[in-house]
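Undergrad: Those protein sequences? They're chains A and B, same order as listed. Quick note on my numbering: the first sequence kicks off at 104 and runs consecutively. Quick note on my numbering: the second sequence kicks off at 2 and runs consecutively.
Be a bit skeptical, because a hint or two may be false.
Claimed, not checked - Derived DSS-like pairs: lysine-lysine, alpha-carbon spacing no greater than 30 Å straight-line:
(1) K117(A) / K147(A)
(2) K6(B) / K160(A)
(3) K57(B) / K117(A)
(4) K112(A) / K147(A)
(5) K100(B) / K6(B)
(6) K100(B) / K57(B)
(7) K72(B) / K100(B)
(8) K147(A) / K72(B)
(9) K57(B) / K112(A)
(10) K160(A) / K69(B)
(11) K57(B) / K160(A)
(12) K55(B) / K100(B)
(13) K6(B) / K72(B)
(14) K160(A) / K112(A)
(15) K147(A) / K55(B)
(16) K57(B) / K69(B)
(17) K55(B) / K112(A)
(18) K69(B) / K6(B)
(19) K117(A) / K160(A)
(20) K6(B) / K55(B)
(21) K69(B) / K55(B)
(22) K117(A) / K69(B)
(23) K160(A) / K147(A)
(24) K160(A) / K72(B)
(25) K112(A) / K6(B)
(26) K72(B) / K57(B)
(27) K57(B) / K6(B)
(28) K69(B) / K100(B)
(29) K117(A) / K55(B)
By construction, these hints were calculated from the structure, which means they are not laboratory data. Just so we're clear, the structure is a prediction, and the values are computed from it rather than from any experiment.
Spelled out, the chains give:
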Amino acid sequence: NAGVTQTPKFRILKIGQSMTLQCTQDMNHNYMYWYRQDPGMGLKLIYYSVGAGITDKGEVPNGYNVSRSTTEDFPLRLELAAPSQTSVYFCASSFDSSYNEQFFGPGTRLTVL
Amino acid sequence: DQQVKQNSPSLSVQEGRISILNCDYTNSMFDYFLWYKKYPAEGPTFLISISSIKDKNEDGRFTVFLNKSAKHLSLHIVPSQPGDSAVYFCAASVPSWGKLQFGAGTQVVVTP
Chain A
104 NAGVTQTPKF
114 RILKIGQSMT
124 LQCTQDMNHN
134 YMYWYRQDPG
144 MGLKLIYYSV
154 GAGITDKGEV
164 PNGYNVSRST
174 TEDFPLRLEL
184 AAPSQTSVYF
194 CASSFDSSYN
204 EQFFGPGTRL
214 TVL
Chain B
2 DQQVKQNSPS
12 LSVQEGRISI
22 LNCDYTNSMF
32 DYFLWYKKYP
42 AEGPTFLISI
52 SSIKDKNEDG
62 RFTVFLNKSA
72 KHLSLHIVPS
82 QPGDSAVYFC
92 AASVPSWGKL
102 QFGAGTQVVV
112 TP
């Protein structure tokens, strides 16, 4: 099992550009999550999904969009990138919402200049 | 509004001694708590968890204590090893929500 994989590992964007961060899990998990981590801060939830076709906003959804067409994939779309979106982005998955830990990908470091 | 707080941003401990990491929470609905460990340029990895029906959970060198009345939990690492040098995040959830709230993390440095 590869677990949770994320691409790309690094990316530099110019202000106003768009991009999609990819996330795939091979554990047949129902729940998937996108977090961002800013320096000295904890992880903030951007969006999450409880299954294919179902997504919901987290704490900091503005400037982002998600879709979940399959169990395995949960891409995060940034439209009109802004310097405030410079961060490290982590995708995670879990089997369900009960007493289960979340498994994290290695992260994508995004810089918006 | 930060519902999970780790008030110590860093901790330095000698190899072989005990590391104690603290975490406070404000939401009394939280009933499942987790600790994650994170190395630079990697994603967080699950370390240990505890549900609110327990006050202690052990896994090898790692023990988590929960004091519900004080809304406080702690992670003890005994003995500390150089490989324990990492950032440790406390997280809490109401399982029916399916979401975790994370603290800001504590950087642990284990010195020889």
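Undergrad: None of the hints should be skipped; say for each whether it holds.
TA: Hint-by-hint comparison with the structure:
1. For the proposed pair K117(A) and K147(A), the alpha carbon gap of about 23 Å is at most 30 Å, so the pair holds.
2. A distance of roughly 22 Å separates the Cα atoms of K6(B) and K160(A); the hinted pair therefore holds under the 30 Å criterion.
3. A threshold of 30 Å between alpha carbons decides the hint, and for K57(B) with K117(A) the separation of about 49 Å lies outside it, so the pair is violated.
4. The straight-line distance between the Cα atoms of K112(A) and K147(A) is roughly 19 Å, inside the 30 Å bound, and the hint therefore holds.
5. In summary, the hint linking K100(B) to K6(B) is supported, as the alpha carbons are separated by about 16 Å, within the 30 Å threshold.
6. Among the hinted pairs, K100(B) with K57(B) is consistent with the structure: their alpha-carbon atoms are about 23 Å apart, no more than 30 Å.
7. Annotation: proposed proximity of K72(B) to K100(B) holds, straight-line Cα distance about 19 Å (limit 30 Å).
8. As the CA atoms of K147(A) and K72(B) are separated by approximately 21 Å, the hinted pair is consistent with the 30 Å bound.
9. Among the hinted pairs, K57(B) with K112(A) is inconsistent with the structure: their alpha-carbon atoms are about 38 Å apart, more than 30 Å.
10. Taken as a hint, the K160(A) and K69(B) pair is honoured in the structure, with Cα atoms around 29 Å apart against an allowance of 30 Å.
11. A distance of roughly 33 Å separates the Cα atoms of K57(B) and K160(A); the hinted pair therefore is violated under the 30 Å criterion.
12. Between the alpha carbons of K55(B) and K100(B) the distance comes to roughly 21 Å, so the proposed pair stays at or under 30 Å and holds.
13. At roughly 11 Å between alpha-carbon atoms, K6(B) and K72(B) fall within 30 Å of each other, so this suggested pair holds.
14. For the proposed pair K160(A) and K112(A), the alpha carbon gap of about 24 Å is at most 30 Å, so the pair holds.
15. Between the alpha carbons of K147(A) and K55(B) the distance comes to roughly 27 Å, so the proposed pair stays at or under 30 Å and holds.
16. With a CA separation close to 11 Å, the supplied pair K57(B) and K69(B) stays within the 30 Å bound.
17. For a cut-off of 30 Å, the pair hint linking K55(B) to K112(A) is broken: about 39 Å separates their Cα positions.
18. A hinted pair counts as satisfied when its Cα atoms are at most 30 Å apart, and K69(B) with K6(B) qualifies at roughly 15 Å.
19. In summary, the hint linking K117(A) to K160(A) is supported, as the alpha carbons are separated by about 25 Å, within the 30 Å threshold.
20. Proposed proximity of K6(B) and K55(B) is supported: the alpha carbons are some 21 Å apart, at most 30 Å.
21. With a C-alpha separation of about 9 Å, the suggested pairing of K69(B) with K55(B) holds against the 30 Å cut-off.
22. A threshold of 30 Å between alpha carbons decides the hint, and for K117(A) with K69(B) the separation of about 47 Å lies outside it, so the pair is violated.
23. For a cut-off of 30 Å, the pair hint linking K160(A) to K147(A) stands: about 11 Å separates their Cα positions.
24. Among the hinted pairs, K160(A) with K72(B) is consistent with the structure: their alpha-carbon atoms are about 27 Å apart, no more than 30 Å.
25. Using a Cα cut-off of 30 Å, the hinted pair K112(A) and K6(B) holds, with the two alpha carbons roughly 29 Å apart.
26. Annotation: proposed proximity of K72(B) to K57(B) holds, straight-line Cα distance about 14 Å (limit 30 Å).
27. Proximity of K57(B) to K6(B) is assessed by CA-CA distance (about 20 Å); at most 30 Å being required, the pair is judged to hold.
28. Restraint check: the Cα-Cα separation between K69(B) and K100(B) comes to about 20 Å, which is no more than 30 Å; the hinted pair holds.
29. Distance check on the hinted pair: K117(A) and K55(B) sit about 50 Å apart at the alpha-carbon level, beyond 30 Å; violated.
Going down the numbered hints, you'll see the structure goes against 3, 9, 11, 17, 22 and 29, while the others check out.
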